[in-house]
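Can you make the complete structure from the sequences, with help from the hints?
There are 2 protein chains.
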Amino acid sequence: MNIIHKRFTFTFCLIMILIAPIHARAGSDPLASWNDGTAKQAIVAFVAAVTEKGGTDYMPPAERIVVFDNDGTLWSEKPAYFQLLFAIDRVKALAPQHPEWKTQQPFKAVLENDIKALAASGEKGLIQLVMASHAGMTTDEFEQIVTDWLATARHPKFKRPYTDLVFQPMLELLAHLRANGFKTFIVSGGGIEFMRPFTEKIYGIPPEQVIGSSIKTKFELRDGKPVLVRLPEIFFIDDKAGKPVGIQKFIGRRPIAAFGNSDGDLQMLQWTTAGKGKRFGLIVHHTDSKREWAYDCKSHVGRLSKALDQAQAEGWVVVDMKKDWKVIYPFEK
Amino acid sequence: MNIIHKRFTFTFCLIMILIAPIHARAGSDPLASWNDGTAKQAIVAFVAAVTEKGGTDYMPPAERIVVFDNDGTLWSEKPAYFQLLFAIDRVKALAPQHPEWKTQQPFKAVLENDIKALAASGEKGLIQLVMASHAGMTTDEFEQIVTDWLATARHPKFKRPYTDLVFQPMLELLAHLRANGFKTFIVSGGGIEFMRPFTEKIYGIPPEQVIGSSIKTKFELRDGKPVLVRLPEIFFIDDKAGKPVGIQKFIGRRPIAAFGNSDGDLQMLQWTTAGKGKRFGLIVHHTDSKREWAYDCKSHVGRLSKALDQAQAEGWVVVDMKKDWKVIYPFEK
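Chains as they are written, first to last, in my numbering: chain U, 158 to 490; chain H, 158 to 490.
You may find that some hints are simply not true.
Remember, identical chains collapse to one label, so a pair may be satisfied in a single copy or spanning two.
Straight-line distance between alpha carbons at most 30 Å, and here's what the computed DSS-like set of lysine-lysine pairs gives [stated by the list, open to error]:
| # | residue 1 | residue 2 |
| --- | --- | --- |
| 1 | Lys316 | Lys259 |
| 2 | Lys373 | Lys397 |
| 3 | Lys281 | Lys375 |
| 4 | Lys281 | Lys382 |
| 5 | Lys435 | Lys273 |
| 6 | Lys397 | Lys375 |
Rather than coming from a laboratory, the hints here were simulated on the basis of the structure.
If you want it as structure tokens, here you go:
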């Protein structure tokens with residue numbers, strides 16, 4: 158009895174030891190929020206292909222550069238780009254110091270919540286808003302302004318901090334890629350210094366791996382102390398054909414995978430997937446009007462038309478948000 | 158006797174095991190090419206201070222951003238910036254396709270090796286040379302041109318590839334910093350796409366950690382294939398007050414240590430060392446006319462005057478090349 162008991166215990170322990178790693182592996186799907194469909198399978202196959210040593214598609218870690226758009230790809234972009242909502246809040250906060258804004262467009266429209274008049278001010282109005290809210294302070298001051306806004310502002314629909322509205326499946330994808338030796342970059346049309354205060358905490362992407370649009374800055378000594386002052390002048394627009402330009406300027410190496418959601422990402426996807434060796438392109442298609450939003454070719458924000466057509470021609474993966482994602486946001490879990 | 162022999166063997170082995178790590182450590186000084194002086198001691202003390210967990214000066218790895226100038230700091234810059242010598246070689250190579258250059262300055266001066274006339278063409282002439290040699294091709298083509306030149310061109314004095322003229326003590330410093338969790342960046346007035354083809358191989362610094370001056374590029378589809386074409390138009394000058402601007406733009410985080418050799422690095426050193434917490438500034442002073450060159454405030458290339466004065470006021474470390482460095486170049490070893 159004693160011997161049988163010992164043998165049983167030994168056998169039991171042996172089995173537990175042997176199956177434990179399998180259990181652990183099966184239980185921790187790195188892409189747990191992705192439904193098992195063609196999109197997930199394509200991602201898994203791509204990662205396996207370029208990381209398999211000795212395989213025909215193997216890429217050394219230094220070459221595993223991957224680029225992600227931000228608005229609409231890593232977090233939501235409705236009812237408007239969150240940075241525009243920041244600019245609007247900022248103009249309202251600064252209004253007491255600018256009595257002239259009460260009668261000046263596009264500021265008047267912002268202060269009166271007149272969306273129609275704001276839209277009518279067009280790109281010129283938008284640039285005026287950005288300059289009034291993003292320039293005139295030092296880079297350190299601007300970082301603080303953005304950090305404070307992110308801590309207090311709430312999304313109009315979800316009543317949550319904007320940084321809650323990141324896509325859980327994309328967070329898992331970022332982590333999965335990094336766990337496999339990939340270096341993850343953001344390449345966004347949004348402001349580089351608007352994103353950097355939160356990308357490391359939210360996405361695990363450090364500031365030096367964030368590329369975006371920017372205004373000029375100027376080095377100055379103020380009372381002997383060096384500062385960088387933000388000027389109301391465009392330096393670089395990191396959108397559409399500007400995205401490959403930004404990638405080459407900031408990274409200097411062609412990525413092997415690109416992830417976007419709109420026509421603003423078309424050229425980035427073209428540039429990335431035209432490189433030699435195994436490449437991967439993916440477009441997030443917003444198809445979930447219930448949990449997030451459903452929009453594509455007719456949307457003013459994040460329009461997706463040409464890039465969707467080309468995705469089919471080029472074999473880029475199109476994520477159907479509604480079908481492919483078990484959850485949208487981390488707070489749903 | 159047998160027992161004594163055994164005991165002796167055991168004791169001997171024990172001693173060998175105990176002293177082995179000490180031997181290994183003493184034998185592998187990570188800064189072996191640095192003479193033991195104030196400069197080396199200051200470097201060692203800084204690295205120890207910011208990496209000591211629980212210490213008052215501790216910095217987490219993400220904050221251990223360090224920036225290095227290139228020309229005169231990581232490799233030599235005499236008789237002229239190596240990139241200018243590249244531009245001259247390139248103009249000579251392209252001359253058969255440009256018969257008009259025979260009578261046009263500054264090209265005439267280059268083709269006739271007329272240094273005086275070349276100097277007389279000033280900054281305007283220099284920009285013309287750079288544009289003629291650096292623009293008009295795709296980024297992929299330019300990378301190949303630089304790679305081919307580096308493989309075949311020889312330094313006029315040393316008769317060696319330019320990439321042989323890197324400073325052995327600085328290579329050791331880069332490696333020592335990286336081994337301690339620092340992230341090493343180049344911040345150079347030189348061309349970003351001139352440096353990137355060799356920085357990873359020579360310095361262990363990947364292209365995405367190289368910041369420099371650049372011209373504009375344009376995205377185009379040629380027969381359906383995306384290319385980036387280099388345009389004869391300045392995009393960004395990463396020198397003097399441009400260096401902190403470049404650091405903020407490309408890295409987005411203030412470095413904790415900066416290494417330079419000329420007045421072109423002054424603002425980078427100011428910006429870096431004015432940050433909160435432990436900071437480190439270092440200037441390489443070219444004092445070795447025999448093994449390298451000796452120059453400072455009167456040199457046209459790599460002038461060092463204001464930054465040397467400020468080094469004393471700010472407590473930046475000044476490396477005396479002749480006294481502090483056992484060897485200059487790797488090939489001397």
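Checked hints:
1. In this assembly of identical chains, lysine 316 and lysine 259 lie within 30 Å of each other by CA distance solely inside one copy; the values are 28 Å within and 71 Å between copies.
2. In the homo-oligomer, the alpha carbons of lysine 373 and lysine 397 lie at most 30 Å apart both inside one protomer (20 Å) and across protomers (16 Å), since each shortest distance falls under that limit.
3. In this assembly of identical chains, the alpha carbons of lysine 281 and lysine 375 lie at most 30 Å apart whether taken from the same copy (24 Å) or from different copies (24 Å).
4. Taking the shortest Cα distances, lysine 281 and lysine 382 never come within 30 Å of each other, neither inside one copy (35 Å) nor across copies (33 Å).
5. For a Cα distance limit of 30 Å, the shortest separation of lysine 435 from lysine 273 qualifies neither inside one copy, at 47 Å, nor across copies, at 52 Å.
6. For a Cα distance limit of 30 Å, the shortest separation of lysine 397 from lysine 375 qualifies both inside one copy, at 27 Å, and across copies, at 12 Å.
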